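Asker: Let the hints inform the model, and build the full structure from the sequences given.
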Amino acid sequence: MQINWFTVVAQIINFMVLVWLMKRFLYRPVLNAVEEREKKIKSELEDAAQKEKAAAQEKEDYHNKNAALDAKKSELMDQAVADSEAERKKLLEQARLEALAFKEKMQKRIVESQEHLQENFERKISKGVLSITAKTLSDLASADLEEQIVKSFIDKLGRLKEEELAELKDLIRTDQAKTIVQSAFELRQPLQDEISNALEQISGKNPDIRFVTNTQLIGGVEIACEGFKLSWSIREYIQSLEKETGNFVQQNLTSK
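Take 1 as the starting number for the sequence shown in my numbering and just add one per residue.
Treat the hints with care, since some could be wrong.
The following label-pair restraints were derived from C-beta to C-beta distances [as the list claims (entries may be wrong)]:
1. A48 to T7: 25 to 33 Å
2. D83 to K243: 50 to 58 Å
3. A68 to K105: 51 to 59 Å
4. Q79 to Q57: 28 to 36 Å
5. M16 to A49: 44 to 52 Å
6. Q11 to E44: 40 to 48 Å
Mimicking DSS-like on lysine-lysine, the simulated pairs with C-alpha atoms at most 27 Å apart in a straight line are [as the list claims (entries may be wrong)]:
7. K51 to K73
8. K39 to K51
9. K42 to K53
10. K53 to K39
11. K151 to K178
12. K65 to K51
Everything labelled a hint here was simulated from the structure, so no lab data went into it. As the structure is a prediction and not an experimental result, all values here were calculated from the model. Don't be surprised by glycine CBs; every beta carbon is placed ideally from N, CA and C.
Answerer: Structure follows, in structure tokens:
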């Protein structure tokens, strides 16, 4: 049998064309569809795995939150019990202190009411004694007594501290300084000269002095110069006596 090579070659070509056409128009769409399906299934499986993982994580978080909530609940309950007990003790202690304070207050009022009459009585006595003393000293004041007071005042000038002497000296030496000397009596010229000489010895300058009478000074002398003031009077002793008497009365009441 003789082979027709042309026919064989033509059939081979036809077969190859058929295979190409089948692959191009039949197998490729099928393969693409299969690949797309596989990709979709793989994506869905991965998505499902992620969702499962997320669900597991969410379940674990929920469990942890529940555990933390239970622990917090227990802690809050314990704290509430502790706070309640502390508040109860605080209220009891406050009530005890208030009762004690009320008791002490009432006792103090009783003691004060008892002391009040005695205090008034003692103060009236001391006031009367001081009033009589002041009146007596005022009535006894005389020119001779004033002379002794001037000497005592000059002696007090000599006992001033160094800084006080320096201050008085600087003030008197000031050109526009005005020195005022007050006394209960109108000082006689010799007494005025004694005071002027004493101030001149302190300042080294003949001071400009104005002498005035002040009946409010119970037997006393006072010097004032540009804010500096120094005095010696029987009133000082009366005030000292008043202070000491007041302290004595107060100590008497405190010690009872």
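Asker: So, for every hint listed, does it hold in this structure?
Answerer: Evaluation of the provided hints:
1. A48 to T7: 25 to 33 Å: violated (58 Å)
2. D83 to K243: 50 to 58 Å: With a Cβ separation near 56 Å, D83 and K243 satisfy 50 to 58 Å, so the hint holds.
3. A68 to K105: 51 to 59 Å: holds (53 Å)
4. Q79 to Q57: 28 to 36 Å: holds (32 Å)
5. M16 to A49: 44 to 52 Å: Holds, since M16 and A49 (Cβ atoms, about 45 Å apart) stay within the stated range.
6. Q11 to E44: 40 to 48 Å: The hinted range 40 to 48 Å holds for Q11 and E44, with Cβ atoms some 46 Å apart.
7. K51 to K73: violated (32 Å)
8. K39 to K51: holds (18 Å)
9. K42 to K53: holds (16 Å)
10. K53 to K39: Answer holds: K53 to K39 is near 21 Å, not above 27 Å.
11. K151 to K178: Answer holds: K151 to K178 is near 22 Å, not above 27 Å.
12. K65 to K51: holds (20 Å)
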